[in-house]
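**Q** Residue strings, one per chain:
4 protein chains.
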Amino acid sequence: MTTTAAVVGASGYGGGELIRFLDAHPEFSTGILGAHSKAGSTLGQVHPHLAGGNRELVSFEPDRFAEVDVAFLALPHGASAKPAMQLLERGVKVVDLGSDFRLSTPQRYLEAYGAEHPYPDQLGEWAYGIPELFADAVVASDRVSAPGCYPTSAVLAIAPMAAGGLIGLEGIVVDALSGVSGAGRGVSEATSFGAIDESVKAYKILQHRHQPEMMQAIGDYSGAPVELVFTPHLVPMQRGILSTIYMTVTEGTTIHDIHTAFDKVYGDQPFVRLSEVPPETRWVVGSNNALISYHLDEASHRLIAVSAIDNLVKGAAGQAVQCANLMFGFDQGAGLPTEGWMP
Amino acid sequence: MTTTAAVVGASGYGGGELIRFLDAHPEFSTGILGAHSKAGSTLGQVHPHLAGGNRELVSFEPDRFAEVDVAFLALPHGASAKPAMQLLERGVKVVDLGSDFRLSTPQRYLEAYGAEHPYPDQLGEWAYGIPELFADAVVASDRVSAPGCYPTSAVLAIAPMAAGGLIGLEGIVVDALSGVSGAGRGVSEATSFGAIDESVKAYKILQHRHQPEMMQAIGDYSGAPVELVFTPHLVPMQRGILSTIYMTVTEGTTIHDIHTAFDKVYGDQPFVRLSEVPPETRWVVGSNNALISYHLDEASHRLIAVSAIDNLVKGAAGQAVQCANLMFGFDQGAGLPTEGWMP
Amino acid sequence: MTTTAAVVGASGYGGGELIRFLDAHPEFSTGILGAHSKAGSTLGQVHPHLAGGNRELVSFEPDRFAEVDVAFLALPHGASAKPAMQLLERGVKVVDLGSDFRLSTPQRYLEAYGAEHPYPDQLGEWAYGIPELFADAVVASDRVSAPGCYPTSAVLAIAPMAAGGLIGLEGIVVDALSGVSGAGRGVSEATSFGAIDESVKAYKILQHRHQPEMMQAIGDYSGAPVELVFTPHLVPMQRGILSTIYMTVTEGTTIHDIHTAFDKVYGDQPFVRLSEVPPETRWVVGSNNALISYHLDEASHRLIAVSAIDNLVKGAAGQAVQCANLMFGFDQGAGLPTEGWMP
Amino acid sequence: MTTTAAVVGASGYGGGELIRFLDAHPEFSTGILGAHSKAGSTLGQVHPHLAGGNRELVSFEPDRFAEVDVAFLALPHGASAKPAMQLLERGVKVVDLGSDFRLSTPQRYLEAYGAEHPYPDQLGEWAYGIPELFADAVVASDRVSAPGCYPTSAVLAIAPMAAGGLIGLEGIVVDALSGVSGAGRGVSEATSFGAIDESVKAYKILQHRHQPEMMQAIGDYSGAPVELVFTPHLVPMQRGILSTIYMTVTEGTTIHDIHTAFDKVYGDQPFVRLSEVPPETRWVVGSNNALISYHLDEASHRLIAVSAIDNLVKGAAGQAVQCANLMFGFDQGAGLPTEGWMP
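Listed in order, the protein sequences are those of chains X, G, D and V.
If you're matching positions, the first sequence starts at 1 in my numbering and goes up one per residue.
If you're matching positions, the second sequence starts at 1 in my numbering and goes up one per residue.
If you're matching positions, the third sequence starts at 1 in my numbering and goes up one per residue.
If you're matching positions, the fourth sequence starts at 1 in my numbering and goes up one per residue.
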């Protein structure tokens with residue numbers, strides 16, 4: 001008897017990747033597919049690269065979608081809270097790829113999103129789905145909030161250093177570059193080919209909602225509150241995130257200490273690996289891998305980390321499936337690619 | 001007991017894809033990896049996107065490589081003939097991704113390549129590895145010559161029409177666009193980012209060696225010799241081939257006849273499918289699929305076909321594995337992706 | 001006293017290029033700028049790459065725009081006919097970059113566009129603005145219809161051969177690749193970065209309205225009606241068109257004959273030049289140049305031409321200014337770039 | 001009588017841009033063109049986008065090149081010192097686009113480049129060619145060292161703030177993204193299309209020689225030594241640099257103070273402008289402009305600047321011509337584009 005999985009928000013990029021992973025998964029089988037404006041379309045119309053193109057996308061209805069064991073929600077911000085609660089009430093486990101349940105207090109949510117949360121009691125009740133850092137919570141929970149793509153890349157690199165007491169907790173800079181799929185599949189002039197190709201830009205400077213998410217996750221893991229500034233950039237490529245992170249190390253810290261702290265957390269992990277040289281995003285795109293390098297200038301105590309992931313895989317759909325694997329007792333890597341696509 | 005496969009020419013793009021497919025294959029296991037100038041490197045140094053990065057690339061030696069059941073040769077033109085024969089002598093089945101054994105007579109080889117073939121008796125002895133058209137020969141043979149990427153895309157679209165007597169056999173035009181990985185991984189000014197990005201060009205006009213290969217394959221399948229002209233173009237993307245093919249139909253032929261002829265050949269095939277609209281390369285890139293559309297102007301008797309494949313998958317490594325699957329009695333689709341990567 | 005020029009449709013790509021050329025022009029000065037949905041915006045808001053960003057875009061009103069000597073209309077199909085007539089009535093010369101007045105009979109217009117023309121008497125009264133072929137008409141006229149980008153690239157290559165009686169007039173194939181700016185600046189999923197980057201596609205197969213335009217222009221120049229089929233493709237780059245054109249030559253025609261026919265037409269022309277090797281679009285992008293190569297297979301009588309232009313310059317704004325230069329008695333190259341931007 | 005200019009290193013990207021600007025310059029005329037490995041080629045062979053393709057590239061010989069009034073040297077590091085001195089001895093003014101004379105003491109040179117300078121007495125004798133900051137030195141000198149592309153973008157943004165005492169002088173982070181033309185035209189696997197397209201990477205972390213150059217220039221202008229860390233990244237585009245710069249402001253500093261300090265330095269300058277929103281590189285590519293925005297978080301005292309230039313124009317050839325204009329008493333903007341190319 002297979003375990004069935006629904007995808008709500010099947011027409012977007014994240015939804016497409018979820019379906020691709022589920023279609024090839026040894027344990028999950030792809031169940032009902034939900035869409036909003038694309039309801040009534042076939043899968044082939046919205047994702048012509050996927051097999052089974054005659055599968056239909058249907059509008060979300062809680063009773064109908066409750067037939068599955070787990071639902072992946074890949075919806076715009078603010079749209080997952082209600083269906084998530086409806087599914088949980090009906091005994092369906094939920095992995096939310098959106099940002100509705102990532103922040104753990106109503107106050108943080110209000111500050112980041114400028115609005116009251118519709119289910120404030122839920123904040124803090126969801127596991128934050130970076131399995132390498134919060135596996136116990138993920139395993140134990142029926143509701144997991146999959147992290148943002150930028151936070152995944154940054155938190156993986158910073159958290160072990162903060163937990164090990166190796167870095168100063170203030171003045172961290174996260175400067176990140178993202179492929180355009182991170183902006184979603186919605187149509188806008190800002191993501192037109194004419195606006196993106198052959199150009200780069202920074203956006204949402206000092207205002208991006210992934211900044212408080214990063215701070216919370218690092219603080220939760222390390223037990224120490226950190227202060228950081230995060231600037232996202234859009235670069236002309238489909239996939240991939242590269243975060244270059246500037247920290248200062250505590251007196252006497254060596255690169256060996258850094259690597260030891262890394263191995264202590266990730267030594268047994270299949271997807272997060274140390275790179276001796278600065279990783280390129282094409283080394284991870286297509287896989288669920290994260291590659292991280294560290295570069296220390298002992299004289300100035302500067303520590304620079306470079307962290308590369310595929311924003312749609314380890315930064316979204318892959319990590320969501322990884323969480324679901326743990327929630328159902330499967331191998332955490334089941335159905336997930338460990339080899340990328342380069343070129 | 002698994003069946004083991006060697007890759008000779010492991011450091012190129014085709015070699016990397018072969019390893020990726022073999023690593024995930026349910027029947028084959030990845031065996032010894034051969035390289036020439038990169039011998040002594042680890043896999044991680046040449047393909048940092050692949051797992052098992054500490055595997056070593058070694059120089060080809062026939063006795064050492066004879067330990068496997070099948071060898072995939074992904075070598076520059078002219079380099080596969082000798083190792084192929086050495087391996088065959090030692091009982092190893094061979095799939096050659098190069099062009100050494102594609103043409104079936106010494107005369108054709110001489111005309112196309114301007115040199116005598118070192119093993120002229122072998123020409124005509126190799127199965128031409130488009131499984132959808134020449135499955136019997138592939139199944140029965142221990143030596144298969146995997147087709148060129150351009151011929152795969154063009155022959156799949158033309159051969160059923162020629163075999164069905166639906167098209168004129170002269171004056172066919174194949175105008176094809178390729179991603180840059182088709183030019184291989186060798187370093188040259190012509191494939192530098194500065195020369196490729198934001199530009200397109202035609203090359204080898206009236207001179208490309210894939211033209212006689214196309215004519216031979218269509219003729220072999222249909223029993224009728226065809227005359228065509230082929231112009232390849234380089235476009236700024238990594239992967240994908242799109243061939244736009246201009247034919248004329250015989251009097252009275254309808255689009256229904258075209259579709260019927262297509263279904264007769266490919267109706268049961270998992271990888272070659274009819275598209276109602278002109279396919280885009282991103283719909284197939286990452287998969288072993290070929291998508292083909294036909295467009296008929298009944299007034300002028302013009303038939304235009306558009307054929308899309310991933311040059312490194314259906315056009316190279318994927319099709320080579322598909323052939324090997326048949327050679328060993330496995331399901332022809334074993335280990336091969338049926339879903340692409342878009343975006 | 002300078003000659004003033006208005007741009008109607010200033011917010012699009014073609015409008016932006018017109019302003020750029022006019023701002024640097026030795027004879028014309030940039031006058032009033034018209035826009036539709038962007039009326040009320042500043043130039044800096046829609047074209048942040050241009051100087052004088054505080055210039056305002058205003059709604060078109062015939063009396064107000066009649067203050068200039070010449071108006072360039074860069075509007076969507078169907079939108080230029082009325083303002084063109086209003087300006088002409090007020091004594092303003094007009095260069096229309098749209099397609100409203102390109103076809104020379106109401107019947108052709110009806111067949112191509114599926115609608116009656118609002119000013120049928122005007123069809124045939126406009127000069128077709130390829131100065132190298134129709135200079136006399138352009139010089140003598142107060143109304144010029146600037147050609148489509150695809151027709152410019154194809155007609156320049158074919159017309160001299162047809163006029164010289166060197167090619168068969170049937171069965172010509174024009175297979176063309178365009179950068180995405182050719183699709184205009186309107187926002188759509190089809191021109192989003194996610195849909196364009198790393199992919200190619202053919203579109204409007206057997207249906208593109210530039211096909212009858214090409215046939216008409218070649219016929220008008222050569223006096224002989226030609227039959228051709230045209231397939232446009234979109235490739236992932238901003239600018240540039242490459243047309244690969246398949247013809248057959250009449251018995252006995254040599255490559256020398258081809259070159260002689262070319263020189264006869266373009267020998268004195270500054271912008272249209274013969275290339276010995278297939279031109280790459282990056283060799284012309286940024287300039288008003290057209291580069292064309294010819295490749296003859298004497299055995300099969302096949303002649304292949306490759307023609308490269310910048311779709312926004314020689315294919316639109318540059319050629320429009322070139323026409324206006326002639327209409328006002330200026331040097332035809334005034335203000336137009338003869339050197340491209342590569343890389 | 002025109003002023004003549006030689007280009008030494010004419011075959012590279014910087015050389016090509018110099019020729020393009022000089023060909024269109026109202027005061028300079030393009031004189032002799034020097035090349036090393038490409039000596040004997042025509043201009044058309046190395047820069048098919050430029051006019052006058054039959055001009056020949058010749059080997060550098062000091063007496064022959066001494067016929068011009070000014071020489072632009074666009075050579076690899078280490079190659080300009082000798083020809084620069086030979087030309088100066090012969091009375092030719094020199095603008096060196098390389099890095100040989102940028103650092104002002106032998107000690108700094110030794111630390112940055114790991115070698116003794118061949119003409120140590122020259123260090124400190126060359127004007128550092130950012131005209132907006134060091135115009136007096138440029139005007140008065142016959143030898144100008146044009147800055148690196150990354151330093152141009154960073155120094156323009158930081159120097160006025162340091163000079164105004166508005167920022168802390170330690171802990172500055174310069175995180176910069178560059179198009180691939182910044183790596184020069186040499187052929188390498190690292191700049192092949194396969195390695196660059198659809199990927200980003202950081203390189204030379206903690207080791208890039210532009211870091212001491214930035215610190216020196218800011219210190220020289222402001223009179224205060226600054227400490228900063230610089231990380232360059234390569235992104236898949238031809239041109240453009242975007243630097244995102246993290247500073248801290250002194251207590252009480254407002255965004256108004258920042259803008260006032262900016263205007264004080266650049267208020268009269270044609271090429272360096274304040275942007276209210278984060279600039280995109282496509283807004284400046286093709287022009288000699290620099291666009292800079294500032295973003296202040298008063299609570300944390302963080303100041304983020306975003307600075308965009310075209311690396312080959314304001315970051316190289318354009319700025320070099322701007323310096324030469326001043327050296328000869330021409331308008332500093334003569335011959336330089338103030339409008340970019342977007343798209």
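Treat the hints as calculated values from the structure; they're not laboratory data.
You may find that some hints are simply not true.
Where chains are identical, the list cannot tell them apart; a pair therefore holds if satisfied intra-copy or between any two copies.
As the list claims (entries may be wrong) - Okay, derived cross-link-like pairs now, DSBU-like style, lysine-lysine, Cα gap no bigger than 30 angstroms in a straight line:
hint, residue 1, residue 2
1, Lys204, Lys264
2, Lys204, Lys38
3, Lys38, Lys264
4, Lys264, Lys82
5, Lys82, Lys38
**Q** Each hint should be assessed against the structure and marked as holding or not.
**A** Quick rundown of the hints versus the structure:
For the identical chains of this complex, lysine 204 and lysine 264 are inter-copy neighbours only, at 28 angstroms across copies versus 35 angstroms inside a copy, given an alpha-carbon limit of 30 angstroms. In this assembly of identical chains, the alpha carbons of lysine 204 and lysine 38 lie at most 30 angstroms apart whether taken from the same copy (29 angstroms) or from different copies (24 angstroms). In this assembly of identical chains, the alpha carbons of lysine 38 and lysine 264 never lie at most 30 angstroms apart, being 46 angstroms within a copy and 34 angstroms across copies at closest. Taking identical chains as interchangeable, the C-alpha atoms of lysine 264 and lysine 82 are never at most 30 angstroms apart, the minima being 39 angstroms within one chain and 50 angstroms between chains.
In this assembly of identical chains, lysine 82 and lysine 38 lie within 30 angstroms of each other by CA distance solely inside one copy; the values are 19 angstroms within and 38 angstroms between copies.
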